[in-house]
Amino acid sequence: MQQLSTTWFQYQLEQLPQTQHFRIAFSGGMDSRVLLELCTQLQAVNCEHHFSAIHINHQLQIQSEAWAEFCITTCHQLNLDCIVKTVNVRQTKGKSLEQAARDARRNVFHEVMNAGDVLLTAHHLNDQAETVLLRLFRGSGITGLSGIRDCVNFASGWMARPLLSVTHDTILHYATQHSLQWVQDPTNQSLDYDRNYLRHIVIPQLEQRWQGVQNTLARNATHCQQADTIISDIARQTLQTIVNNEGHLVISKLIAEDDAMQNLVLREWFVHHSLNLPSSAIIRRIKQEVIGARIDAQPCLPWLSDGKQYQLRRYRNLLCLVPPKLPFDSSLVIPWDGQSVLELPANLGDIKAISSETGGIDLQTWNSSTITIRFRNGREKCQLPGRTGHRELKAIFQELGIPPWERSSLPLVYLDDQLAAIGERLICGPFHVSSTQP
1 MQQLSTTWFQ YQLEQLPQTQ HFRIAFSGGM DSRVLLELCT QLQAVNCEHH FSAIHINHQL
61 QIQSEAWAEF CITTCHQLNL DCIVKTVNVR QTKGKSLEQA ARDARRNVFH EVMNAGDVLL
121 TAHHLNDQAE TVLLRLFRGS GITGLSGIRD CVNFASGWMA RPLLSVTHDT ILHYATQHSL
181 QWVQDPTNQS LDYDRNYLRH IVIPQLEQRW QGVQNTLARN ATHCQQADTI ISDIARQTLQ
241 TIVNNEGHLV ISKLIAEDDA MQNLVLREWF VHHSLNLPSS AIIRRIKQEV IGARIDAQPC
301 LPWLSDGKQY QLRRYRNLLC LVPPKLPFDS SLVIPWDGQS VLELPANLGD IKAISSETGG
361 IDLQTWNSST ITIRFRNGRE KCQLPGRTGH RELKAIFQEL GIPPWERSSL PLVYLDDQLA
421 AIGERLICGP FHVSSTQP
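Reminder that position 421 of the sequence shown reads as 421 in this note's numbering, one-by-one numbering, no gaps.
Keep in mind the hints are simulated off the structure, nothing from the lab. Honestly, I wouldn't trust all of these hints.
Claimed, not checked - No farther apart than 27 Å at their CA atoms in a straight line, the calculated lysine-lysine pairs in the DSS-like style are these:
hint, residue 1, residue 2
1, 308, 85
2, 325, 394
3, 352, 325
4, 287, 253
Since this is a predicted model, take the numbers as computed values, not measurements.
Hey, can you work out the whole structure from these sequences and the hints?
Take a look at the structure:
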C-alpha cells in the first residue's frame, strides 16, 4: 500500500508547473480533507508553498450550509484561507444534475483562478477506474478512455490531481491514522447515480473475479493517454494544413483526407477553440448536415459548450465555428481620436490605426478628420480602389468572401461622415493612397 507522507506529497507537487499559489478544491469530504491535511503539513515545513482552499456550495442538500461552515471552521483551525462560493445549479435538457453541478463548479474555479495558479483536486485511483468504465460503457474513444489527466491547462493556470495514483483505501487509512473529520454526503450511497452503481455494485464484483482490476483500469488509462497524445499531435499537424488564417476549415482540403482523419481533425479543431469535444453522432451531423449540404444552402448546426451557444456554419468552401454574440445597438456612432486603441461594444474586439507599407489612408486626411465608428444599417455604399462607381456593401461583402453572420458586426470607419474603411478588410477608393502612410 502506498504510504502518504509529506515527503511523498512534496515530490508530487514538484512535478507540477511552478506556481506561487496552490488552490485546494475542498468539498469537506474525506478525499479533499486528506488533500487539505497534506497541503497544510507541507506548508508547515516548507514556507515557499502558499495554499488556500475554495469550497463550492451547490445548495443541493439540506446540509449544504453546514458543510460550508465545516470547511470554513476546518481551514481556520489550520490557519488556511478559505473562500466559499454559492452557486445555483441549473439542470438543462440532456444534462444530468451531476453534470450541471460539475459545470457550475468549474465556472467558479475559472472565475477565481489567477494567472499561474494551480488548482488541486482530490481525485484518486478509484475515481480513475470508475471514469474509464463509465466512458467505456458510453462508447468513448481513445480520448475518453484516457480518463482523468494528472495535470491539465485550466483557466489561466493548471488543474492537478496529485492523489491520482493513490487508492481510496490508502486515503482512508491516512484519514483514520490522523483522526481527521469530514462530512458524509448521503448521495454517495445512492445507486441512482451511475458512478455510485459502479462503485458499490459493479467494481466489487469485478474485483472478486480479477483482483487489482482498478489498478489495471488506471494503467489502461495511462496507455490510452500516451496513444491519444501521439494521435493528437498527428491531428494537430494535419489541422494546420487545413485551417485558414481566420481559424476556419477549408472544406476541400478536409474532405481530401480519409474518413478517420476527418474525424480526428474535426475533434482537434474543437480542442483548438477550447470547446467540448463533439461525440461521434455530432461529427456525423457536421459531415452530413453542414459539410454535405447543398452548395447554395446556408446550414447551421447549434453547439452548446460550457453553457455558451455556438454555431457550426458553412460559407462557400469554409466550415466556420461561430461564437455566441452579445446583442448591441447597431445604430451606435462611436467617436474615436484615431490614435488610441478603441474597445468595441459587445466583445467585438478593438480597433487601432497602424502604419502600412502597402498603402492606406493619407496621414494628413486622417489627422484632420472627425473619425467615428459605426455599423451596417443596410444603406451604405463604397467605391472599390481602382474602380469607378459606388457599390452597396452587400455586393462588396460577397466579393470579399465575408460570411453573412460577420457583416453586421464589422466596424465601419467614417471620416467626416463619409465611409472610409470596412474594418481592416477594405479602404474605400477616395481615401486609399498607395504610398507609405499610417
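Outcome of the hint check:
no. : hint        : verdict
1   : 308 <-> 85  : holds, 21 Å
2   : 325 <-> 394 : holds, 21 Å
3   : 352 <-> 325 : holds, 21 Å
4   : 287 <-> 253 : holds, 14 Å
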